[in-house]
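One point on numbering: in our numbering, the residue at position 233 of the sequence shown is 424, and numbering is uninterrupted.
A portion of the hints provided could be inaccurate.
Claimed, not checked - Calculated cross-link-like contacts (lysine to any residue; reagent style SDA-like; alpha-carbon spacing at most 25 angstroms):
1. 195 - 396
2. 217 - 299
3. 343 - 389
4. 217 - 276
The hints are simulated quantities; they were obtained by calculation from the structure and are not laboratory data.
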Amino acid sequence: MGKKYLSANTLFHFTNNIDNIINILKNEFSPRYCMEKFEFIGSNNLEIAIPMVCFCDIQLAQIVNHIENYGGYGIGLSKEWGVSNGINPVAYSIKGSVATEAISKVGVDMRILKNSGEITDEILTGLSQSIDLLSHFIFFMKPYEGQAWNKKSFDGSHTRFYDEREWRYIPDLNCIKSNKIRWFLNKDEYLNEDFRRDNNIRMSEISKLSFNPDDIKYIVVNSEDEILKLCKEIDNIKGDNYSQNKLNILKTRIISKEQILSDF
192 MGKKYLSANT
202 LFHFTNNIDN
212 IINILKNEFS
222 PRYCMEKFEF
232 IGSNNLEIAI
242 PMVCFCDIQL
252 AQIVNHIENY
262 GGYGIGLSKE
272 WGVSNGINPV
282 AYSIKGSVAT
292 EAISKVGVDM
302 RILKNSGEIT
312 DEILTGLSQS
322 IDLLSHFIFF
332 MKPYEGQAWN
342 KKSFDGSHTR
352 FYDEREWRYI
362 PDLNCIKSNK
372 IRWFLNKDEY
382 LNEDFRRDNN
392 IRMSEISKLS
402 FNPDDIKYIV
412 VNSEDEILKL
422 CKEIDNIKGD
432 NYSQNKLNIL
442 KTRIISKEQI
452 LSDF
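Could you put together the complete structure from these sequences and hints?
In structure tokens:
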């Protein structure tokens, strides 16, 4: 028998309706801007929206709370697929800790040096690149716990984010910059629905997270009644691209939220 782990060997992405699952199967994953609060960095409670696709590696037996919070529909893919595509576990941080204070100070010092005017153009270029890389790393960080985002502000329920075991896909920074796409939105920009939608569309045009049937381990629907509907959709969506054997295997991986709640 293989070694047992607390974490799952599957990366789950959950959503709140079956149409989103059908869209993922049809068009694959596209990053969307999501609001994050970086209260653990520096003295300001920075709130910005970052393009990402979120996953978790929670075992099915412990995933009930996550389903309730994020929706009874999901797709689970192998962790090997995730790693090969640059998906990375989030680093959970606590404000005032040695680790977060160190990152904050390095960022501040680098910006002071960049603006000092006392360095060569070559060093300035390298420093600018290092600041971008540090910012990109910070995008993979999240508070250990705090208030959840609630449509317009971080005033939702108090959440221990650490329990979500989040993994993130964030588009390549060089790709974003070369296509002149915003690598984050401020809060006002995010709350502007038209502006957010337009930027989500632009991001989806340059960054896709692809998979094939062998990568998929589970497809979760809310109820048993929806399994047949999804089987038909799979035939319509992938019938021209996958063999019938691949399609049949993919259908066997559909499981309902009802089954998870009763059997795991």
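Checklist entry - If you check each hint against the structure, which ones fail? => result 1, 2
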